[in-house]
Amino acid sequence: MFLARRAEDARRRQAEEAAEREVQRPVCGDCGQKFTDDRWEAITAVEWDRGDSHPHLCDDCKYRMLEAEQQAPVDERERQEQERQSTPGRIGQHGLEVVSA
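Numbering of the sequence shown is given in my numbering, commencing with residue 63 and proceeding in unit increments.
It cannot be assumed that every hint is accurate.
What the hints assert, rightly or not - The calculated label-pair distances, taken between Cβ atoms and stated as ranges, are:
#1 S148 <-> D114: 17 to 27 Å
#2 H118 <-> A66: 38 to 48 Å
#3 R139 <-> P88: 28 to 38 Å
#4 Q142 <-> A77: 28 to 38 Å
#5 G113 <-> V136: 45 to 55 Å
#6 M127 <-> A66: 27 to 37 Å
#7 T106 <-> E138: 28 to 38 Å
#8 S115 <-> S148: 34 to 44 Å
#9 E131 <-> D100: 33 to 43 Å
#10 M127 <-> V85: 18 to 28 Å
#11 Q76 <-> G113: 26 to 36 Å
#12 T106 <-> A130: 45 to 55 Å
#13 M63 <-> G91: 46 to 56 Å
Quick caveat, the hints were computed from the structure, so don't treat them as lab data. In this text the structure is predicted, and so the values were computed from the model without any measurement. Backbone N, C-alpha and C fix where the C-beta goes; we use that ideal spot for every residue, glycine too.
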């Protein structure tokens, strides 16, 4: 009887600790999904050489954000190139565009 009560107390304590931990679990600032244990550990780990680049995002949103950040300069260069190609005129002295009146 004593062992059964002790085991039940231990299970109850574990359940309470798990519930308290879940209350503290961070959620993604973008999609609202709760962080996995691995993601939570990654953002709280002390790394002296570098920190997490997006600690407020879950793994999926972080990877999408990193891809978008890498793609942005490429998109901007393409936009500028299309703009240059669609603009009539020619380049004159000093690299300036010459516009006919």
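Evaluated hints:
1. Range check, S148 to D114: about 41 Å between beta-carbon atoms, so the 17 to 27 Å window is missed.
2. Between H118 and A66 the Cβ separation comes to about 45 Å, which falls inside the hinted range of 38 to 48 Å.
3. R139 and P88 have their C-beta atoms about 36 Å apart, which keeps the hinted 28 to 38 Å range intact.
4. Judged by the Cβ atoms, the range 28 to 38 Å given for Q142 and A77 is violated: they are separated by roughly 59 Å.
5. In this structure, G113 and V136 break the distance hint of 45 to 55 Å, their C-beta atoms being roughly 26 Å apart.
6. A hinted range of 27 to 37 Å for the beta carbons of M127 and A66 is inconsistent with their spacing of about 51 Å.
7. The hinted range of 28 to 38 Å is satisfied by T106 and E138, whose Cβ atoms lie roughly 35 Å apart.
8. Between S115 and S148, the C-beta spacing of about 36 Å keeps the proposed range 34 to 44 Å intact.
9. Range check, E131 to D100: about 22 Å between beta-carbon atoms, so the 33 to 43 Å window is missed.
10. A hinted range of 18 to 28 Å holds for the C-beta pair M127 and V85, which are about 27 Å apart.
11. Look at Q76 against G113: about 32 Å separates their beta carbons, and that is inside 26 to 36 Å.
12. For the pair T106 and A130, the beta carbons lie near 25 Å from each other, so the given range of 45 to 55 Å is not met.
13. Judged by the Cβ atoms, the range 46 to 56 Å given for M63 and G91 holds: they are separated by roughly 50 Å.
Violated hints for the displayed structure, listed by number in ascending order: 1, 4, 5, 6, 9, 12.
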